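A.B. asks: Hints in hand, dock the two standalone chains.
Chains as they are written, first to last, in the working numbering: chain A, 1 to 181; chain B, 1 to 147.
Calculated directly from the structure, the hints in this document are not laboratory data. For clarity, every value in this text was computed on a predicted model and none was experimentally measured. Don't take each hint at face value.
Claimed, not checked - Below, simulated BS3-like cross-link-like pairs (lysine-lysine); rule was C-alpha separation at most 27 Å, straight line:
(1) Lys-21/A x Lys-59/B
(2) Lys-64/A x Lys-87/A
(3) Lys-42/B x Lys-27/B
(4) Lys-87/A x Lys-59/B
(5) Lys-54/A x Lys-42/B
(6) Lys-54/A x Lys-69/A
(7) Lys-21/A x Lys-87/A
(8) Lys-152/A x Lys-42/B
(9) Lys-59/B x Lys-69/A
(10) Lys-64/A x Lys-21/A
What the hints assert, rightly or not - Some chain A residues flagged as far from chain B (calculated, every beta-carbon gap over 12 Å):
(11) Leu-62
(12) Pro-63
(13) Asp-65
(14) Lys-69
(15) Phe-70
(16) Val-75
(17) Tyr-83
(18) Asn-132
(19) Gly-155
Beta carbons are placed, not taken as given, at the ideal position from N, Cα and C, and that holds for glycine.
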Amino acid sequence: MPPFLLFSIVTEFSAYDDFSKVYETWFPLLYRIVYRMTAREDISEEVVQEAFIKYYERRDVLPKDEGLKFWLIRVVRNLALNYEKRKGRERRAVERHYHEPKLDLGHEGERSVERKETIQEVQHALLQLPYNLRIVLILKEYAGFAYAEIGKMLGITEGNVKVRVFRARNQLAQLLGEERS
Amino acid sequence: MKTDRFLISAHVDHEVEPPWDQVVEQKIATDPQWKEEWERQKSIHEKLAQLADPESLEKARELVRLRLDALRSAPRSSRHFDLNWVGLAAAAAVFGLVVGGFGFWLGRQATGASVAEVHVHLPSGYTVPLNGNSQLIKMTSFESGNR
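Bound-form chain B, shown alone (with noise of 0.2 Å):
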């Protein structure tokens, strides 16, 4: 079966559990199809493994390290302080602009109503009382009723 080859990279990497290794290493034995893919499997691994570790391993693990203790020699939460207040000013002129937005829509609409014309149908023989100086003299609800 097809299924079965994959078998054969995990005995390359000691993978295959008894007493499946045996039958495995039968079947390596008897059938040249899965000899030369077991030889295949082998020869990759052997020259993945020829790649070593990069030379800048031990140069990188001190250059991080610092790069790090400087990190950590701040304070917790300074990496995000400055993103923080610019945040909050971002937010905080947002919601001026809409607030302002508004009230001034709101002042806009209120404008209109507040000038509308009153006409006032009085009787012929009404008098209004005036001054001297042509200004209406005020009068209580009592003494207008009286009148």
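Only chain A is shown next, with the shape it has when bound in the complex (with noise of 0.2 Å):
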């Protein structure tokens, strides 16, 4: 066999170890944070499928290990961000006509039930909130990323972070019916 040919195989199946390794590594955060973003299992796949398609047509150039997950929550985040501006008025509208959870407070005792329904209203809550808040409050609460890792990864500073994650919870709050007594 060739060198060059025996070179070129070695340095194909180390890309495929290191694009599975990514992959592997970073496909749950990628995919939890667009769902939390848009709660469309179709569009977290598609967006993070996305994301790992532009990584894999970059690898050379792009940054290792904490600059490549920078970038790829960059990446999910424009995506997301698209898909927000593209369908976001129209999936709202569906929503609000054919999935919103009807609450029917008249059935007590069903915990599980009571639960979920809890569960979905913060989930419609958190698709209330306006990107710029939502986006923090997800890359804190489900990324579990520091302040000052936010801030790097959205180009704003950390107090603009802690701001922004006050604003964020305190709108949640208010959406969920917890006014300030």
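C.D. replies: The following block contains the structure:
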């Protein structure tokens, strides 16, 4: 076997291995973030797949480790934002008519049902937050990033992240009916 | 101060560094408004934590992996192959149209100039040398000069 062919096979296998490693490491996190942003399984799949295609095409020039993590999150955030712009109004209208949980508070005593309703309420309220507040809260609550990391990812200061998390939770409280006494 | 209250959510997230965390804790313990805000922030944090991972995660992971494997097994440039050729053909067609159109226009312009009439006034006694079939006999410039 010619040495150059052997080299190319080894390189290809190594790239495959790298890609698999990156995929296995970051898929759950990216999927979770997009799912919380959109509450749609099909969109989450599509967005994360697109992000990994972008990664595969540019993997030679992309940073590794920490930098790659930030890059991937920025990509899914942008793709989810594009989706939001494109479909947001239409999706919300459809959900309002067909999928919005109809809370029947008359059925008491069924804890699991109540819990499910609460979860649906929280998810629904989360979707109603403005995008800028939602992404920060999701990166904090579901990705577990520190404020400084979130600031770095979104290109804002740590103080700004702090303010947005505070406002996001406050708005959620209002949406969930937890008014100030 | 109003801005200080942003520290409450940071405190819920354990993001306030010492010694400020002590200050915030003390404020929460003594100020009812801060306490109320802290409880609200904490309650929302707990409610958000109730949202578990979507059940579809594992299925999606496998599905997307299969799709990506299929894409990667194709030659790297194949995704753009068709598009490149279509673009190239379109560019060639546009270029051909522009060049052809310009040539046609130039041709039309040139035709007008080539059919201009030329009036030549000859001396009254001038006779042109004709052959038997009324065709002009060609003369070299030397011959015509001698005439």
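A.B. asks: Over 12 Å to the closest beta carbon of chain B is the bar; see if Asp-65/A clears it.
C.D. replies: holds (21 Å)
A.B. asks: If you draw a straight line from the CA of Lys-64/A to the CA of Lys-21/A, is it 27 Å or shorter?
C.D. replies: Answer holds: Lys-64/A to Lys-21/A is near 12 Å, not above 27 Å.
A.B. asks: If you draw a straight line from the CA of Lys-152/A to the CA of Lys-42/B, is it 27 Å or shorter?
C.D. replies: holds (25 Å)
A.B. asks: Just to be careful, I want the Cα atoms of Lys-42/B and Lys-27/B compared with a cutoff of 27 Å; is the pair within it?
C.D. replies: With Cα atoms ~16 Å apart, Lys-42/B and Lys-27/B stay inside 27 Å; holds.
A.B. asks: Does the claim that Phe-70/A lies outside the interface with chain B hold up, using a Cβ gap greater than 12 Å?
C.D. replies: holds (19 Å)
A.B. asks: Does Lys-87/A pair with Lys-59/B here, judged by a C-alpha cut-off of 27 Å?
C.D. replies: holds (24 Å)
A.B. asks: Check the non-interface label on Tyr-83/A: least C-beta distance to chain B beyond 12 Å or not.
C.D. replies: At about 16 Å from chain B, Tyr-83/A clears the 12 Å cut-off, so the statement holds.
A.B. asks: Closest CB-CB distance from Pro-63/A to chain B, is it above 12 Å?
C.D. replies: holds (21 Å)
A.B. asks: With the threshold set at 27 Å, check whether the alpha-carbon distance from Lys-21/A to Lys-87/A stays at or below it.
C.D. replies: violated (32 Å)
A.B. asks: Should the label of Val-75/A as a non-interface residue stand, given a Cβ cut-off of 12 Å to chain B?
C.D. replies: Non-interface label stands for Val-75/A: nearest chain B Cβ at 14 Å, farther than 12 Å.
A.B. asks: Is the Cβ of Leu-62/A more than 12 Å away from each Cβ in chain B?
C.D. replies: Holds, since 16 Å exceeds 12 Å.
A.B. asks: Need the status of pair Lys-54/A, Lys-69/A: alpha-carbon distance at most 27 Å?
C.D. replies: holds (13 Å)
Hints 2, 5 and 7 from the earlier list are contradicted by this structure; the remaining hints agree with it.
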